[in-house]
Amino acid sequence: MKTLPALLALCFAAPFLGLTQDSDSLNIAADQALSMNKLDDLMGRAQKRLSYIMTNLGELSDNNDANNNFDKFKENLDELVSIRSDIKDRAEKVRDLQGKRIAAWTKEVSGMTDKDMRKMTNDQIDAAKADFDTLDKQLREVGGDANDLTTLLQDLKKYFASSFSPDSIKTSQPMIQKATASAQEMLKDTDALRDAISKSKQKVKGTSGA
Amino acid sequence: MKTLTRLALAVLLAMPGTSLRAESLDKLIPDCAEILGRMKREDIINMDLVKEAKGIVILNVTGFSIGIGGSGGDGILMSKTEKGWSGPVAITTDGGTLGIDVGGTDNDIVILLMTNGAVSKWAAGEHFGSSSASAVMGPKGGAAVDATMKTRDFNVYIWNKGAKLGVNFGGFDVNINNEGNANYYDKPLVSAKDILNNVAEVPESKKAALTRVYDLLNK
Numbered sequence: 003m004k005t006l007p008a009l010l011a012l013c014f015a016a017p018f019l020g021l022t023q024d025s026d027s028l029n030i031a032a033d034q035a036l037s038m039n040k041l042d043d044l045m046g047r048a049q050k051r052l053s054y055i056m057t058n059l060g061e062l063s064d065n066n067d068a069n070n071n072f073d074k075f076k077e078n079l080d081e082l083v084s085i086r087s088d089i090k091d092r093a094e095k096v097r098d099l100q101g102k103r104i105a106a107w108t109k110e111v112s113g114m115t116d117k118d119m120r121k122m123t124n125d126q127i128d129a130a131k132a133d134f135d136t137l138d139k140q141l142r143e144v145g146g147d148a149n150d151l152t153t154l155l156q157d158l159k160k161y162f163a164s165s166f167s168p169d170s171i172k173t174s175q176p177m178i179q180k181a182t183a184s185a186q187e188m189l190k191d192t193d194a195l196r197d198a199i200s201k202s203k204q205k206v207k208g209t210s211g212a
Numbered sequence: 053m054k055t056l057t058r059l060a061l062a063v064l065l066a067m068p069g070t071s072l073r074a075e076s077l078d079k080l081i082p083d084c085a086e087i088l089g090r091m092k093r094e095d096i097i098n099m100d101l102v103k104e105a106k107g108i109v110i111l112n113v114t115g116f117s118i119g120i121g122g123s124g125g126d127g128i129l130m131s132k133t134e135k136g137w138s139g140p141v142a143i144t145t146d147g148g149t150l151g152i153d154v155g156g157t158d159n160d161i162v163i164l165l166m167t168n169g170a171v172s173k174w175a176a177g178e179h180f181g182s183s184s185a186s187a188v189m190g191p192k193g194g195a196a197v198d199a200t201m202k203t204r205d206f207n208v209y210i211w212n213k214g215a216k217l218g219v220n221f222g223g224f225d226v227n228i229n230n231e232g233n234a235n236y237y238d239k240p241l242v243s244a245k246d247i248l249n250n251v252a253e254v255p256e257s258k259k260a261a262l263t264r265v266y267d268l269l270n271k
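Chains as they are written, first to last, in my numbering: chain A, 3 to 212; chain B, 53 to 271.
Just chain A, with the same shape it has in the complex (with noise of 0.2 Å):
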């Protein structure tokens, strides 16, 4: 019952404390919702390009026009971890921004003076930490697989340039078979994670500071 009352002040009282539109934490919201689009972005990059090299392997594995999907393997695999390094960086630059944005917004809880008002702020920027901590986990987990497959890929494309012939392609079939297989879990794996992303983009923008 406490909440209503506080709730009403805080919409009255808003704009005397600062937590107008030019608020630090909005301001630093705005920016980090803008990051995790450009991160969704690389994402859906970073996924059509592994749709390209399982295509080239599973040409390559049928031994249809070999050489020329082995060429593309080879780029496709290079633009695939040129995104990825994209990707870590921007997922550092919203990591970042998460901070300085749980920092300006604790500053502004501590210069209100209503007592109902600071608490309900805090539980928010605790849920906001909370959320957050949530999707930073997945994003390490998916991260992670990233690079194994990267490496696996890789693994794959030596292998490849030291011997590249039908009989070394047959060999190779249980080490594309795992890599496919890893592929297909790490497409599904980041469109949950561009799920949570998008839902977390949304906090972000309607939670900081308000």
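Since the hints were derived computationally from the structure, they do not count as laboratory data.
There's no promise every hint is true.
[What the hints assert, rightly or not] Listed next, the stretches of chain A that the computed footprint assigns to chain B, with coverage defined by at least 3 CB atoms under 8 Å from CB atoms of chain B: (1) 44 to 55; (2) 60 to 71; (3) 186 to 199.
[Said to hold, decoys possible] List of simulated lysine-lysine pairs, PhoX-like, C-alpha gap at most 20 Å: (4) LYS259/B <-> LYS180/A; (5) LYS207/A <-> LYS95/A; (6) LYS132/B <-> LYS202/B; (7) LYS79/B <-> LYS190/A; (8) LYS131/A <-> LYS205/A; (9) LYS76/A <-> LYS79/B; (10) LYS259/B <-> LYS239/B; (11) LYS40/A <-> LYS207/A; (12) LYS202/B <-> LYS173/B; (13) LYS202/B <-> LYS192/B; (14) LYS259/B <-> LYS172/A; (15) LYS74/A <-> LYS159/A; (16) LYS76/A <-> LYS201/A; (17) LYS95/A <-> LYS131/A; (18) LYS271/B <-> LYS190/A; (19) LYS74/A <-> LYS173/B; (20) LYS74/A <-> LYS90/A; (21) LYS74/A <-> LYS259/B; (22) LYS95/A <-> LYS205/A; (23) LYS207/A <-> LYS131/A; (24) LYS190/A <-> LYS259/B; (25) LYS192/B <-> LYS201/A; (26) LYS271/B <-> LYS135/B; (27) LYS190/A <-> LYS139/A; (28) LYS90/A <-> LYS139/A; (29) LYS271/B <-> LYS201/A; (30) LYS245/B <-> LYS132/B; (31) LYS121/A <-> LYS40/A; (32) LYS271/B <-> LYS192/B; (33) LYS172/A <-> LYS74/A.
Cβ atoms here follow ideal geometry from the backbone N, Cα and C, with glycine treated the same way.
Could you slot chain B onto chain A? The hints should help.
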């Protein structure tokens, strides 16, 4: 120099609304998965209605420019069979104003084909006149699905940089990208009908990359 510009402009204006590109299915499948994934993620598409659909079209349509009219689309058509979703048929669309209300932009479009007749029309590469199809924007994700939505020919979903546009549907041709289908299925004379009925199966080497589309449709 002015004459050259005028000449180029005249050629452009005289050009029929043909598609400027016809991508391979290897490229189209990840692109279409991306379109479908985004529409699901942003709750644009109603997945309950996807379960009721007899077929699906996933397209990227580009308007050439305002005033010229006409647009080119590139995408896939799939049908629902007893064994689940069929393999993809590569299609292009020419002309008309499919989904384009603002002109000169990229539009991602998903069309749920709710009747077998609608699937057959797309598979036959027909011309869709402006009054030949009953098409409306489909209900949003999570919204209740009623009998009308299940029985109309099409439910259309459009995404354009986050904006949902009104449906402006008609006056376009559907073309079956026979070359793209032949390359993908490794069968020179493969028909859209054979693909949609699962008579022509997806080659083993292509299955892994297609799984994401199936996962997104079935989840």
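- Find the hints from earlier in the document that the structure breaks and name them by number, from lowest to highest. Numbers 16, 19, 20 and 31, in rising order.
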